[in-house]
Each structure stands twice: as C-alpha cells, then as structure tokens.
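S.K.: Following the hints, put chain X in place on chain V, whose structure we already have.
Number of protein chains: 2
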Amino acid sequence: MPADSDLILPVAEERSDDLFKTLPERSKHEDFIRRAVDLLVERVVFGRSSRAAKVVEWTTPDDIKRAIDLKPKDGAVSHDQLLGIMADVARYSVNTAHPYFVNQLFSTVDPYGLIGQWLTDALNPSVYTFEVAPVFTLMEEEVLRAMRTLVGWRDGEGDGIFCPGGSVANGYAISCARYYFYPEIKSKGVYAVPKLVLFTSELAHYSTPKMAAFMGIGSDNCVLVKADSFGRMDVEDLETKINETLDEGATPFMVTATSGTTVFGAFDPLASISMLCKKYNLWLHVDAAWGGGALMSRKHKYLLNGIERADSVTWNPHKLLAAPQQCSTFLIRHVNILKDCHSSNAKYLFQKDKFYDTTYDTGDKHIQCGRRADVLKFWFMWKAKGTEGFEKHIDTLFDNANYFLEHIKQRDGFKLVLEQPECTNVMFWFVPPCLRGHENEPDFRERLHKVAPKIKERMIKEGSMMVTYQPQGDLVNFFRIVFQNSALDPKDMVYFANEFERLGKDIAV
Amino acid sequence: MPADSDLILPVAEERSDDLFKTLPERSKHEDFIRRAVDLLVERVVFGRSSRAAKVVEWTTPDDIKRAIDLKPKDGAVSHDQLLGIMADVARYSVNTAHPYFVNQLFSTVDPYGLIGQWLTDALNPSVYTFEVAPVFTLMEEEVLRAMRTLVGWRDGEGDGIFCPGGSVANGYAISCARYYFYPEIKSKGVYAVPKLVLFTSELAHYSTPKMAAFMGIGSDNCVLVKADSFGRMDVEDLETKINETLDEGATPFMVTATSGTTVFGAFDPLASISMLCKKYNLWLHVDAAWGGGALMSRKHKYLLNGIERADSVTWNPHKLLAAPQQCSTFLIRHVNILKDCHSSNAKYLFQKDKFYDTTYDTGDKHIQCGRRADVLKFWFMWKAKGTEGFEKHIDTLFDNANYFLEHIKQRDGFKLVLEQPECTNVMFWFVPPCLRGHENEPDFRERLHKVAPKIKERMIKEGSMMVTYQPQGDLVNFFRIVFQNSALDPKDMVYFANEFERLGKDIAV
Numbered sequence: 093m094p095a096d097s098d099l100i101l102p103v104a105e106e107r108s109d110d111l112f113k114t115l116p117e118r119s120k121h122e123d124f125i126r127r128a129v130d131l132l133v134e135r136v137v138f139g140r141s142s143r144a145a146k147v148v149e150w151t152t153p154d155d156i157k158r159a160i161d162l163k164p165k166d167g168a169v170s171h172d173q174l175l176g177i178m179a180d181v182a183r184y185s186v187n188t189a190h191p192y193f194v195n196q197l198f199s200t201v202d203p204y205g206l207i208g209q210w211l212t213d214a215l216n217p218s219v220y221t222f223e224v225a226p227v228f229t230l231m232e233e234e235v236l237r238a239m240r241t242l243v244g245w246r247d248g249e250g251d252g253i254f255c256p257g258g259s260v261a262n263g264y265a266i267s268c269a270r271y272y273f274y275p276e277i278k279s280k281g282v283y284a285v286p287k288l289v290l291f292t293s294e295l296a297h298y299s300t301p302k303m304a305a306f307m308g309i310g311s312d313n314c315v316l317v318k319a320d321s322f323g324r325m326d327v328e329d330l331e332t333k334i335n336e337t338l339d340e341g342a343t344p345f346m347v348t349a350t351s352g353t354t355v356f357g358a359f360d361p362l363a364s365i366s367m368l369c370k371k372y373n374l375w376l377h378v379d380a381a382w383g384g385g386a387l388m389s390r391k392h393k394y395l396l397n398g399i400e401r402a403d404s405v406t407w408n409p410h411k412l413l414a415a416p417q418q419c420s421t422f423l424i425r426h427v428n429i430l431k432d433c434h435s436s437n438a439k440y441l442f443q444k445d446k447f448y449d450t451t452y453d454t455g456d457k458h459i460q461c462g463r464r465a466d467v468l469k470f471w472f473m474w475k476a477k478g479t480e481g482f483e484k485h486i487d488t489l490f491d492n493a494n495y496f497l498e499h500i501k502q503r504d505g506f507k508l509v510l511e512q513p514e515c516t517n518v519m520f521w522f523v524p525p526c527l528r529g530h531e532n533e534p535d536f537r538e539r540l541h542k543v544a545p546k547i548k549e550r551m552i553k554e555g556s557m558m559v560t561y562q563p564q565g566d567l568v569n570f571f572r573i574v575f576q577n578s579a580l581d582p583k584d585m586v587y588f589a590n591e592f593e594r595l596g597k598d599i600a601v
Numbered sequence: 093m094p095a096d097s098d099l100i101l102p103v104a105e106e107r108s109d110d111l112f113k114t115l116p117e118r119s120k121h122e123d124f125i126r127r128a129v130d131l132l133v134e135r136v137v138f139g140r141s142s143r144a145a146k147v148v149e150w151t152t153p154d155d156i157k158r159a160i161d162l163k164p165k166d167g168a169v170s171h172d173q174l175l176g177i178m179a180d181v182a183r184y185s186v187n188t189a190h191p192y193f194v195n196q197l198f199s200t201v202d203p204y205g206l207i208g209q210w211l212t213d214a215l216n217p218s219v220y221t222f223e224v225a226p227v228f229t230l231m232e233e234e235v236l237r238a239m240r241t242l243v244g245w246r247d248g249e250g251d252g253i254f255c256p257g258g259s260v261a262n263g264y265a266i267s268c269a270r271y272y273f274y275p276e277i278k279s280k281g282v283y284a285v286p287k288l289v290l291f292t293s294e295l296a297h298y299s300t301p302k303m304a305a306f307m308g309i310g311s312d313n314c315v316l317v318k319a320d321s322f323g324r325m326d327v328e329d330l331e332t333k334i335n336e337t338l339d340e341g342a343t344p345f346m347v348t349a350t351s352g353t354t355v356f357g358a359f360d361p362l363a364s365i366s367m368l369c370k371k372y373n374l375w376l377h378v379d380a381a382w383g384g385g386a387l388m389s390r391k392h393k394y395l396l397n398g399i400e401r402a403d404s405v406t407w408n409p410h411k412l413l414a415a416p417q418q419c420s421t422f423l424i425r426h427v428n429i430l431k432d433c434h435s436s437n438a439k440y441l442f443q444k445d446k447f448y449d450t451t452y453d454t455g456d457k458h459i460q461c462g463r464r465a466d467v468l469k470f471w472f473m474w475k476a477k478g479t480e481g482f483e484k485h486i487d488t489l490f491d492n493a494n495y496f497l498e499h500i501k502q503r504d505g506f507k508l509v510l511e512q513p514e515c516t517n518v519m520f521w522f523v524p525p526c527l528r529g530h531e532n533e534p535d536f537r538e539r540l541h542k543v544a545p546k547i548k549e550r551m552i553k554e555g556s557m558m559v560t561y562q563p564q565g566d567l568v569n570f571f572r573i574v575f576q577n578s579a580l581d582p583k584d585m586v587y588f589a590n591e592f593e594r595l596g597k598d599i600a601v
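Chains V and X, in that order, are what the protein sequence lines are.
The first sequence begins at 93 in our numbering and counts up by one.
The second sequence begins at 93 in our numbering and counts up by one.
Just chain V, same shape as in the assembly (with noise of 0.2 angstroms):
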C-alpha cells in the first residue's frame, strides 16, 4: 500500500491535470467538516432541545423557498454559503427534539441515539453480507434475539430483520403468513392460491389495507372488525366476520392484532384473539410498532400478555423507546420463513464459495438489496441505558401521561375522550369558554369539530407545542398528546394545559 497517509475523500471540484498528482482538497474538506461539526453540536443539537426554544417558526412554502434556495443549480456554493444554509435549514424546520413537540408518534434526539446514528454515517454501511458489514450483522442479530426474548419466545426463538418503517414490517407479515400457509405464492403469484383475507381492527394503523393492496391482496380484503368503547378490537366481531367470510367461500388466513393502536393506543385482547387463531388456524401478526416499548417494563408490560402467542410482531424502537429515525423491526416465531420467502439467492451477493459460513450473509430475508443499518443507534441507547433504563423511560411517560389525564380532569373546559387511556395517549376535547354550557344545543358538536384546527393553527403560528388533533369515526375533532420524551415533568404537564387555555380561551366557532 503506497505510504501516502493523505486524506482521500471525494472531490468533485476542479482536478489537476497531472494525474498522478495528490489531491489539494485535504485541509479544505477537514476545515469545511470540522466548521460544520461545530454548528451541528452547538447550534443545532444544543441549542434547540431547550425549553425556551421554538418548537416550529411557522413559515409558509412560499417564504421558505424564498429564504432558502432549494432549486439545484449548475454551479457550487462556498463552504460559508453552505454554513449558511445548514442553519436556515434547521431553522425552518420543525423542532422535533423539543420537550413540547408531543405531535406524533416520535420525538426527541437521544444523545446516545444520536451518536449511534452518527457513528453509523461515518462508517455508511449497507447490511447485507457478513463481508461488507461484519459488525452490523452480528449486532442485528443480538438485538432481534434480544428483542424477541422480550416478546416471549423461548430463548429468543425465531427470526426478524430491520425494515424501513413499521407499514413494511406489517406488510412482511402479512408476506410470511402467506407463504405459510402456500409456499407456492412466491413463484406462482396470488392466482394459484385461493381468495385470501386478512382481518384487522378499524382502529388498526391505516398500513395493513395499505400494504393488502400494494400485495396484490387488494384493501377490500382486509377486513375491519368492530372496536370497542376503549379502542380494543371486539373478538366476537373477529370471529363473526371471520365466518362470513367463509360462508362467501374466501380464505381467512391472518389476523393483525395491534399493541398499542395509532390515535387511542389501545391494546388488543391478544390472548382471546390468538385462542381465535388457533380455531381457525389463523396467523397471528401483532403490530406493537407503538406500544411494543411496554415490554421493557416489569409495571406495563401486562398490556401486551398473549404476545408470546403470536407468530410474528412488528415493534418500532423510534416510538416508545426514542430511539432516532428510523428504527423498525419484524420479528418472527418461525425460523426460516423470512429467508424462505424473500430469499433469491442472487449469485453476484450471496456467493456461497466465500471462505467463511455464509450463513452469515442475512441480506436474502429481505425485499430490500442495499440496505441502511438501523440497528446500532437503537443498541447503542441499550447499552448507553441498559433493560433497566428503558424501564425507567417507559415507567416516567406513563407516570406523566397520568399525571397529566388527571390534571386535564380538574381544569375546566378539558373533555376526555376515553376517561382511561391504555398507552401514553390522551385524548381530550378543549371547549373554549364560547362553547361552555351549549353542550345540549344541537350544532355543538359542529361547533366543537372546528375548534381543533383554530387551535392548531395559533400553536403552530406561536411555536409554543405542537400536539395533533383528529377526528375518528363518530367523533368530532379532538386533541392527542402523545407522550414519549421521559424529560418532561410534571411541571410540563401543567404547562400544556395551560396553553391549550391560553390558545383556545378566545377562540370564536
């Protein structure tokens, strides 16, 4: 190897002509990265999970295409052009690492997350061999196995791999329960097995009709079953349906039970559902992309009993846990399916005359070719908090969601949707004072559906909080706070309902 110790990164700019020549981007690109490193950590990471920072500066498209120049151009900018430019792009953009950024179903910047995620761009991984990834492979499967133990399969049985996102993961699931069922699915396609149907509930995440259908399925074949008052899907519904189903001479073949659902963050009766499965021999996938993170919890993990029963499991640890985006896993009982079924043995990849045990090469359980390494952010916050720090995580969200469901009882004008939430989503109603005392009169609700969104509209415009409302079924518009960032306190919880007064005191409808 030449002794040559110069740094060699990429260049596009303007190359000498003798070939042979080194490089004179060195100090440049060293200068440029450390200059920009030191905007990152102080401007960027330090100094917007404060408090007294904006969650959002509201600004309209139109201002940010004018104060940024998004359009790609012919020519380059200067490194200080592009200092520039970093900062702009961090100002305008929402603040999703701030305390009062409680508007979905992820938030915050771990520190460790953060330094795993870096750390993996530094060394820009794609998963897909032992060869080319030794490290991420390996970590991928401690951490599946480990994940799996938690979901209570004996000796972390089974299988999973990293997905982008929990919608593919669902969509896995519902791949693995198919082929199953008829392996002849992959090479023959859905016209050499009989009409299938999965079922899930109405409160399910909108990705399992979504996925039916990009599967060839078709969404109508996913069938949506009753809810009950409390968000749970409704087993007798479950198997009333399921009947019907067979009665029009289709195949029931999965059902998608969900651990934590979307807007209320109910649990699904998984035992009952699972005995249900095992009646109509039924595979049983259960979405615990939100709620699966209880399960790091001695106190909260009862949500999820019956889990154990299921044949595979979709677990997000970018929700609950805080882990960055994007940190998805499909987990699987069986232990060759996902390989089974996705699996194409492309001779270019997965050689198998390499000269170490290629069993190593995981890359084939995927639809993915190259692949993003999602895993080390998520393993480098287990080992930076240990089981134990995730459960004192876990336990402080549902400390606050409580404490903050009880605070809203107290207050006027706060109206819970359910009195007794299951996850770390509450659910409420602001009646502003205008509307006090009408709640019999028939354009109430009317009334009520249009306050949300007038509220939305002077948060965001303040940067105060951002926390989503929404309608669902015969519900009017109603606000969910989703707690999931273990440094709020108490003393924020008090603070959010004093905004939603604040904001909503005068709010005309």
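Hints are computed from structural coordinates only; laboratory data are not their basis.
From a predicted model like this one, the values you see are computed outputs, not experimental measurements.
Treat the hints loosely; a few may be bogus.
No copy is singled out in the list; a pair is fine if it fits within one copy or between any two copies.
[What the hints assert, rightly or not] Straight-line Cα separation of at most 30 angstroms, DSSO-like style, residue types lysine-lysine; simulated pairs:
no., residue 1, residue 2
1, K446, K165
2, K553, K444
3, K431, K287
4, K165, K597
5, K333, K391
6, K546, K507
M.R.: Positioned in the frame of chain V, the structure of chain X alone reads:
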C-alpha cells in the same frame, strides 16, 4: 414558555423524586456528545479514508463477539466504555470510505453528504406532512423535479418519491404500472384482473422478480429476456416472449429495462424497447439505479438515450453519484398515479381541515408512513458541487475505468470478460501463473473458477483492497471492480493491478 433554558435531552438515568426539580443531566450529556463527536471526526472520518488505512481488519464472527460485547444487558455502561465501544465498532467495520473499497455499487463518505446526513439526524424528521417536515417536503419536490428534468421529461413533469432502496423503487414501478391499466386492483386485488406478466432481462437486478413475488404476481410471471453478448436486453427475444405470453392467454403489462446492470454495467437499448412497449401497450420502467448518475454528464448521458420515453425510472444517487447510504428515488412521468394508487387518506395524519394547503402533505403517495429524510444529504452535495461538479465526478469515474481497462489489457494474467464495458464496472479473470498456458485443457474453467475465492480470501485477510467476484451464466468466477469514487486516480489503477498480481501469483488451484 418557561424562561428556563436548560438543555433538555431525554434521560433514563436516576430521576429525582422531586418531580419539579430541574434535570441534572445537562452537563453530563453535553460532555459525552463533545467527546463522542471528537472521536467521530478525528478517528472515524479523518482516520479511515486515507490510503494508508486498512480497508478491513478481517475478524471472524466469533472473534468480533469476543471483542465487542454485543448482547444487550440490564445495566448501563459508562461514558468512557461507550467511547471505547465506538472505537471498536469502527475498527471491526469494513472501511467503505476507503479508496480501495471497490466491492459494491456504493462506497466513499462524501464530506458534504456526511454533513447533510448528520444534519438530518440532528433534526430527526419523519417526512409525511408539511406540518412536521416543511423544509424536507419542499426539498424533496425540488430535487425530484430536477432529476425528472435530467431524465428528459419536459419541465420536470411528473411525480416522484424517495424510497428505501432501488428494490422497493422497482416494486413501486410494478404497483403503478398495474394500477394504470387496472385501477380496481387496489381494492379488489390481483384476483380481479387478468393474469399479469412483466418482462426484464436475465441480467437485470434480482429485485424485479423478488418484488413480483412480494406483490402477489409471482416470480414465474416475471419473464426473463435473453441478454446479448454485451449484457444488454435482446429486443427480438423480448418480442418473442411477449407473443408467447399472449399465446398463453396471459396479459403482458410492463417491461423493466436496465440502465447499468449490476454486474456488467450494461445499458439496455431503451429506444427500441420503448417502441415495443408502444406497440404492445406496455408500461416502460427503467431501472437506472446504478447508471442514472450518467445523466449528469454531457459526455456519457447518451448511454441512457430513450429514457425520456419511460413511464417510470429508478435512480439511486447513493450509487454512481456517491451520496451516502441510502438515497433512492422513484420517478414517474404520470402525475397522479403514485397518490391514487397508494393513498389511504388516514384522517389522523392527513387532515383536510388544516390551515395550510394540504396538497403539500405528500406522505400518502408512499407505502411507508413514518419515513426518514434521505433528500438533504443529496441536495446538500448538489449545492456544494453543482451539476457541474457531479459531471466532473462522473467523467472522472469513466476515465478511471477506461484507464484501468487499458492498463490490464497490457499486463499478463488479466483476461477481460467484456472488452468494452459500458459503465464503470470492469470485469476480468485473473489467471495465476499456474494456469497460464493451460487455457486449452479440459479442467481449465473448473480450476479458474476456484481462483477468485482464493484471491478474495487473501485480499480480505490482508485488508489491502476489496473487490467482489461472481460467476454469471456460463462464465466461471470473475472479478468485478467498480469505480464510483472520483478521488481515485491512475496511480490507484496501477495499484489495483499490482495487488491482483501480488495476491494471485502463487495461487495453486
């Protein structure tokens, strides 16, 4: 908002029982982040991209497990231990930033790409609504439009998305094509439409039959068309196979052509294929995951002539343009299909009564829900280099490939698989001295087949470079060196050839 400006980062360590007390974690986390960033910049980024570093420090799976405690534990480890772990993870990971990692269709850590990626991580967005990801949403639209303009669609017309890899992008192509002809497939499934058949080259990437299986069509219904001696799709055979399919009563609906095949780097004849597609009313998808970057070069873009007639295109900037993993796009000439085909209009996320123009909420075009922002790193590189910088990068890659090709033509022991490859892949056999002069013996091919794995083992164990090998059809194992890092120069080309000679000279087969 409280005036308190303490840094708030989520913590899992001991919390105070006084729930209103300020968290004591600030300085501890700040200190860790600073030390970790220092390690990342000095040891990982600057320490690994030098020619003097090893490409890989080969370690067996068992030895890696001994060196790094990969199993998640109940307890936490200290910050000092975490820093040691980071160094170990880097040490045992393959150095994909190394100039001599030429093993895959990706490599290098571009300094602008890395900073763009790190900024993305620090902002931790999920791209589905303008509300949550305003800058990223607009940035995606601008970059995708600019890419469509380079494809040759007038004024960048059409639509597009960022995808988790080219395989999934090729799946989107199947999804959009079948929806275009049979929109009822979304709700009714494959059952409701004729038996669909698609066509791709026998040398195309394995993702097309793999995605056909995943999507319910079945891998057998992805018909493989013969390739000519340059590795390009044989258009006559395509027409024969289309007619055979019609004779069997099945329904051809799309052709996936390739611009830059994975192994040979061949470019299918798009103009002729598009004429057949017109004649038989088939969707034309072009998988330009690898070769798409050549569209940036006035000198080399002729390779993709005819791509402007495609209905859709896969193009991965993380390949030839050297963006960090992972940056893949799916581009489509038709405006509404992505949305109509994949939308599910979930009311909890895509509320229509928001106060801004909700056509900016682009997430429902995807099968993913939560989604990483893969645009910023590429956009930032484009800003930093300009299209002109990318053009120089591409031209350098082709110059290097040509230099290497001409160089090994002059040297003993190298035998080219393709005399004139079209892309920057160069394929060759290294014939060790023990086999020279034995070319006409009956066991020559069998013996030659064993050479590449043996050289590869030495190469990896020494860590002096990484070049992949594979068989292909009747061809026994050959090496494929891939030029995708424009920091390389002719001196490096000579180095590669010397290394093959050094590693292979005393191979006995």
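S.K.: If a hint holds in the structure, say so; if it does not, say that too.
M.R.: Hint-by-hint comparison with the structure:
1. K446 x K165: Classified as neither; 45 angstroms inside a copy, 33 angstroms across copies.
2. K553 x K444: This pair counts as between: shortest inter-copy Cα distance 18 angstroms, intra-copy 59 angstroms.
3. K431 x K287: For K431 and K287, both the intra-copy (24 angstroms) and inter-copy (26 angstroms) Cα distances are at most 30 angstroms.
4. K165 x K597: neither (48 angstroms within a copy, 49 angstroms between copies)
5. K333 x K391: For K333 and K391, neither the intra-copy (34 angstroms) nor the inter-copy (62 angstroms) Cα distance is at most 30 angstroms.
6. K546 x K507: within (17 angstroms within a copy, 72 angstroms between copies)
Consistency with the previously given hints fails for numbers 1, 4, 5, ordered from lowest to highest.
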